[in-house]
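Novice: Could you slot chain F onto chain B? The hints should help.
If you want the building blocks of each chain, they are given just below.
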Amino acid sequence: MAFITASWNPLGDAFYRKTELYEMCWSLRDGLRDCLVAAAPYGGPIALLREPLRRSPSSRPQLEIYSASGGSIASFPWKSGAVVQLGWTVSDELLCIQEDGSVLIYDLFGSFKRHFSMGQEVVQTQVLEAKVFHSPYGTGVAIVTGSSRFTLATNIDDLKLRRLPEVPGLQGPPSCWAVLTQDRQTKVLLATGPDLYILDNTSCTAVSPPGLGPQAGSIVHMCVSFSYKYLALFTDSGHLWTGPSHLQDKLSEVDTKVRMSPKQMVWCRRPKSQQPSVVLMWDRLLLVAGVCSDTIQFPLDDQCVCVGELDGVRIISSSNQELLQEVPLVCQDIFKIASMAPGALLLEAHREYEKCSQKADEYLREIKEQSMLGEAVRQCVEAAGHEYDSNTQKSLLRAASFGKCFLTDFSAESFVSTCRELRVLNAVRDAAVALPLTHTQFKQMTLQVLIDRLVYRQFYPLAIEICRYLKIPDYQGVSRVLKHWASCKVQQKDLSDESISRAVCMKVGDSAGVSYSDIAAKAFECGRTELAIKLLDYEARSGEQVPLLLKMKRSQLALSKAVESGDTDLVYTVVSYLKNEMNRGDFFMTLRNQPVALSLYRQFCKLQEQETLKDLYNQDDDHQELANYYVTASYREKRLESRLSLLQTAVDEFNKAKNEFAAKATEEEMKLLRFQRKLDDEKGAGLLGLSLQATMEALLALGLQKQAEQLYRDFRVPDKRYWWLKLKSLAEKEEWEELEKFSKSKKSPIGYLAFVEVCMKSNNKYEAKKYVTKVTPEQRVKAHLAVSDLEGAADAAIERRSESEMGAVLSRCSDSDRLLIDRLNRAKASAAKK
Amino acid sequence: MAAHLSYGRVNLNILREAARKELREFLDKCAGSKAIVWDEYLTGPFGLIAQYSLLKEHEVEKMFTLKSGRLPPADVKNIIFFVRPRLELMDIIAENVFSEDKIHSSRDFHILFVPRRSMLCEQRLKEQGVLGSFINIDEYILDLIPYDGDLLSMEYESAFRECYLENDQTSLYHTAKGLMTLQALYGTIPQIYGKGECARHVANMMLRMKREFAGSQNQILPVFDTLLLLDRNVDLLTPLATQLTYEGLIDEIYGINNGYVKLPPEKFAQKKQGEASKDLPTEAKKLQLNSAEELYAEIRDKNFNAVGAALSKKAKIISAAFEERHNAKTVGEIKQFVSQLPHMQAARSSLANHTSIAELIKDITTSEAFFDNLTVEQEFMTGVDTDKVNTYIEDCIAQKDPLIKILRLVCMQSVCNNGLKQKVFDYYKREILQTYGYEHILTLSNLEKAGLLKPQTGSRNNYPTIRKTLKLWMEDANEQNPNDISYVYSGYAPLSIRLTQVLARPGWRSIEEVLKMLPGPHFEERQQLPAGLHKKRQQGENRTTLVFFLGGVTYAEIAALRFLSQMEDSGMEYIIATTKLVNGTTWIKSIMDRPEAQAP
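Taken in sequence, the protein lines are chains B and F. Take the first sequence: its letter number 442 is residue 442 in full-length UniProt numbering, and every next letter is one higher. Take the second sequence: its letter number 209 is residue 209 in full-length UniProt numbering, and every next letter is one higher.
Isolated chain F (complex conformation):
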């Protein structure tokens, strides 16, 4: 089911198994048949931990979505609410429970809070007078969810907003807890590096928690050599840029949710002879994307411009493999061919899918609008005319292009210019308010608070220095056979990944100056290992670093880290963790305020 989690350097399936075990234990606590009422947001992440079959084995017979009003009828002994600890959900639960009691009285209620119980929520249930109706109130500590063999995410959507806008560090607490769980399973991580306020905070909490847990010292040989904690606000630029890897573009254009993408169905219609073409499927085509699919693992991190070639090469290999059957003469050969058939057929259908996706994407990437947008982005990143009002942005506003696109560009310009001139700054804001509505004044205020959009203050623009020192712009990025991480943005090397790369070699000491320009402190901590657990490294054995992005990470950044892992002389393998997998659009969306949407 989740074999791809165990292929990587670190067997993340251990984490998944631990999570599954805990889930089973909870389910078995509620004896008898059960129905689960889901907080809809949780179903995606849970799907990565346990399929319905596991729930079924533990007598889960029905599943509902949490909605106000009455619970749908179900002839079960237990009703279990799987919810995030949010007050508004408590009110719905209370309503459910109230309307329930009158009809059935024999059903038992339980709550499973994910990832943690909350006093506030329980108090809320108490105020509503239903707390006593629950037999079990438990927590399911699901902080870090394995998404792929080298990728963990908390899928904590509001983490960036809470940390940088609301000064609410709940997500960081969960992060620290998640890292403790990870250390319990994979051994103490001896070295911790970090950059940024939140990183510092997480590291502090981890060290503190280590003291709390002291004594139950785990005797596991450390799997990770290093942990690098990075604040998203150290590198605000990268997520704003349009990702140009295959996976990145799928996410930019269609959005990947919990490892699934929904695509327009037309391209995927089964072409069978004789069938009328009018009954095209209308439901979106849902595909799972992860490294379990051989082809996808191969092309996901390539620059999109190199995907076509890879696909056609693959097509040749597959058809050659099918041709083999003509060469199969003896019974043994035929038998062998047949035994490979399922694998080949899977490969063929995978190829067909990705060819279709690539075509869909190509339609967009070859459009003028995409090109113009990219040109402006690259101008900003190379520091061209960042202190003037940009005509393209102006035109886009006049054309009423989607607001988020505008915000991404404006923010990018601001970041690349270390703030906009007051006149430019006010001009953009006015344009946005007049075109998209005055309610966005709140969103603009949020962007300012997050540092994404700001007026230039006295200090000079230090972005060029950062760009030059860290070689953020590589003129001759090789998209087909990359030799540098800049291929993921066709020229721009993500700052966050450069920091990671420099840390591995030659070390941060070489870029002290630049580190000082970036927000927040940088630091190094060591965690004492119990005697006898010091790794004896084999000659040529790679070190493993866990890079934790606080506030989100993009697929392009992940691709860049994977590229670094694969580089022969890097000597470092990376495992990636984050609070949330983001792209510029979802990220900006999470910072926006929409008062009109809440209006009665």
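Isolated chain B, as found in the complex:
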């Protein structure tokens, strides 16, 4: 602890430190000599190809993939052509760029994914040099060919090759070049001798870095910073020029006093850097050159590879791996010898406190006097994030926690999240996992991507632990991991369908948001249909399940799943698929086993295919529905004969359905139709289509009494209804004599109040009065009132001693009926007494 600054090297105002990340667990026989090496940023994997250009078929070079800590992930002999460059994509896929311009893509585990070519002409001219670069659009590849032409692919997942224009006067290969992403455009910056050019899609522009005089010599090496913001140029006179990559300005020019071109040159800076610097590496020397004229020199005793990171440089040698970075300002503040920064004081205070010394209080007071305690806590928390050593992290966090106690309204959020994140980072930094991420990198890459990477490396349990620990919503966390796990699981050829599906189901269970259909689709892709079906059974979303089942030709199953879902549109989808796939018989049989689907199909047929509807009912021997079908159909027919024949069929079906009533009613209907037709023909009565009642009404209106009577008898019309009919008809025609005769023909089944009311409706009080006396006592008051005979009504009411009836009469009385009113009131009073 006390010697934390021992590894710090000053450079200008800043310090640089090297932290050991891992002792490499690989054992490379010849070190990194003669190797093509590619290591992905953000603590990514390392790919090695030994003696890449050896072409003798007898000894093939070996392609090896290691984790960042040197753990072997894959290794296989390289059987393809000569490789010029290796590189990693943002999604941890390995790109092997061959001399002939073809690019082979492998996954992390060395299995071949796909390939593409950088252009036909490259086969002839050969790739001289290639670079893999990352931009907001994805991972890109740039090559320069033997004919000194550049070709770019900005995003290999959406391959569009761009051949850049020729560089005028360029003879032979450029001395060095780099890819730049500026203003959403990808360009190539290249140097030939002392000249510098920018190549974009259409043009080649000569540029000159400000302040780099011609005396500096030819540019022999260049590099662009991680963010493409800065450019460094190294000339054959040993000068290092640094400046922003738009070349409008200059940061510095340092004489490194080494004339040899470095093997590697990488920017080493961090966001909000104090002292942006460039790391140059030669065989035996590593040199850090900043803006000031100072440099830091580290001797090297082994072949190394530098990997530029967002906030530093990883240096990989055959034995270990170190992170070289600028010491973050907050760490400087705290750990710098004799620092009086609040964080430093707080750390000291806590140290004293642990020693049970009263000095703790003194330190605390000092901070508090300056009201800097909040700042002190914040510094300790932030610094902890930047420290790699867990003991240092702990003492910083403990100090922060200690300081926090003396603050009243301090939000613990950053403290808590830093603690959590550090715990996660420490876990993934473990050599077995080997993702040596700094806190800054982690924040930049986001937790989502970290989980993705863990999943991709198949560290499922760890990924799940992290998700649970950080309480990520299942949908983005655990479920996503499980989904990947399951997709990987179904590809294990040595396990049976049964055991895989059981394992998947057990782990995934009802986990939110895991799509079993995605897993099943994966299984189906691998040719394991049975497994896919088993898995689909667990899928809750039928919308996903059904189409896949159809794709696998499991239409019956698809149908029952669609029905289960309740989504009728989905059922229709399957039904119409089946209809096209199957012969009619099978189709009907299938539907028959799925009543819901069947009724939906019936609905469809009702609207679209009446004939099919009939067939469906026939198949089910559903005579009732068949009969209804024929009844409906009969109304579509214009010709009476066809109408009757359809109705006859309906009658037969009703009989088969044992619906006697309907059969009879339909027979009656036919009888009525025939009757109407006959009369229409004979008398032009215009009856066809009328109801029985309306027909009789029309007949009576036309004076065809006999025919009406005939219908009344033939159709066994209830007396009541017929009497009403006749009563109204006669009144309408004002045949009062006839009416009276009719009233006397026998005792009226509808009583005589009806007669009174109907006459009154025709405004014939005289006739109405005739029937008043015939009305039953219960209705007599009403009858008298109907003909406005108040006296009579009053008499009847008083006779019946009905209070309510008397009330009814009273309500009709007007002021002129004083006498009547008095009489009624008296009667009412006496009725009330009893």
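A couple of the hints might just be wrong.
[Stated by the list, open to error] Subject to a maximum C-alpha distance of 30 Å in a straight line, what follows is the list of computed DSBU-like cross-link-like pairs (lysine-lysine):
hint	chain 1	residue 1	chain 2	residue 2
1	B	K774	F	K400
2	F	K29	F	K56
3	B	K507	F	K286
4	F	K400	B	K706
5	B	K656	F	K316
6	F	K405	F	K286
7	F	K210	B	K728
8	F	K449	B	K671
[Claimed, not checked] Far from chain B, by Cβ distances over 12 Å, these chain F residues were calculated:
hint	residue
9	A31
10	F64
11	P72
12	S99
Simulated from the structure, these hints should not be mistaken for laboratory data. All figures in this text were calculated on a predicted structure; none of them were measured in a lab. C-beta atoms are modelled at their ideal positions from N, C-alpha and C, and glycine is treated no differently.
Specialist: Just chain F, lined up with the frame of chain B:
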């Protein structure tokens, strides 16, 4: 615009806003000027979501009704069809598109399916060869539409018919989806109760969908404590009865459509001095009815017999308020009076409107025919002579009263008698066929299928038991100051609402026997809430139940639920949702078949 939606216990305006947002998003997808071609059925429900002004803001310049033939000319960049997913509409659209292409070629076509896209429809468009003409084919998921502060409806007219006659559960799927949307906005509903086959089906789908959506678990504190799903066929009786609340009667007599009623204009003629009375307005008076209108909110759920008193009380208050002006002496007082003037004038015109409506209704409710009809209904409901042919029905048939009236009565008798004696059953059917035409044999068959009309089978009539246990008939219903829900039918307490009431207290366990007599299973499900979302109930805070009527609900039932919400000791507030707002007439109409109407 829709402030009344946010007054209730649950702010339903959130739902409306969500729907509006989605609509805007769709409209903005079609850049440039637009014309909307409407499936006429949708304009009503849409009016509740967005007025023309919103459409106008998004460059909708013209609106047409979907008709076959050629589209009317309109100088717009986009033509958008707003349609329900129905095959027959697809054919019209295809015709529109075909006749269009020849003249203009620069107009873009879009379809917005409401509430859901349908594979069948798209296939149909494909068959017609126009599918490719559409730039956007989208769906506008409008399942539950807020009708009032406590009322949601899907306005899915054919829901009952599809579920009970055609075994087509599309509407139930939409219901489940609608409930999921609701839960996304208002939190997971922890308890689900239900009665009936359809209720079971909806609950199953909801639980299933919850699994599908699992993971995107919503972190909203649940607004609803309970969901009660009720099948309409559990209570077939209630909608058959004539509603006797103010709103119920308006609906029975004039029909309320999407919150609007059309009334005969004579009563509403502006009486101005000197003007001749002969130019009476001929166009029906259209009024919007919802709780935004203070007076209406007050009287809508009263028994009609109590409306008169309420109106005259209100009249006194309003005229007293106008009299205030004489007391206003200081400038400040006058100013205050004037500031209240608009509100008072609105109240006065509202009073005038409702007085007119009440008069119109009174003319009908005091008629003998209405009285006789009601008497018979009440006889049936109390179980008087339900096993004999009813003379009144016979007379009505003989008088050729409207068929639907007859059907309502006959069905009611059948339901109250747990089926009619075979002889009575056949007699009624014959009478109907002979009087109204044999084509109604299909309608009768439908009614039988729906269980509304049936012959008595061996089992004994259990309606009296149900009536007694659930206290469906209350002899002394107080219409003026009700103390029980039975006031909405002047004696009959709607079965559906009794079930709801019992569920809240003392619980369904107390009526197991009756529940078994009613069709379909009854059930209870619990939905797990994410930790930390369990409500901490304040002392005395009411619980909220969403009652969902599958297959329709009447205004009287709604009134009864509102009454329960307002009861001081009920401890429960109700929000009502349904597939369709119905009354006996519209409901029976939806089950009828009219082959002669389709005849060429």
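Novice: Determine for every hint whether it applies to the structure shown.
Specialist: Tested hints:
1. K774/B x K400/F: Holds - the C-alpha atoms of K400/F and K774/B are around 25 Å apart, at most 30 Å.
2. K29/F x K56/F: Cα-Cα ~15 Å, so holds.
3. K507/B x K286/F: Violated: K507/B and K286/F sit about 62 Å apart, past 30 Å.
4. K400/F x K706/B: The given pair, whose Cα atoms are some 23 Å apart, holds under the 30 Å limit.
5. K656/B x K316/F: Between K656/B and K316/F the Cα gap is close to 70 Å, so the pair fails against 30 Å, i.e. violated.
6. K405/F x K286/F: holds, 26 Å
7. K210/F x K728/B: Violated, because 64 Å separates the two Cα atoms, which is more than 30 Å.
8. K449/F x K671/B: Holds: K449/F and K671/B sit about 27 Å apart, inside 30 Å.
9. A31: holds, 25 Å
10. F64: holds, 25 Å
11. P72: With a cut-off of 12 Å, P72/F remains clear of chain B, as the shortest Cβ separation is near 28 Å.
12. S99: Consistent with the label, S99/F stays out of reach of chain B, its closest Cβ about 23 Å off (over 12 Å).
Of the hints listed earlier, those the structure fails to meet are numbers 3, 5, 7, in rising order.
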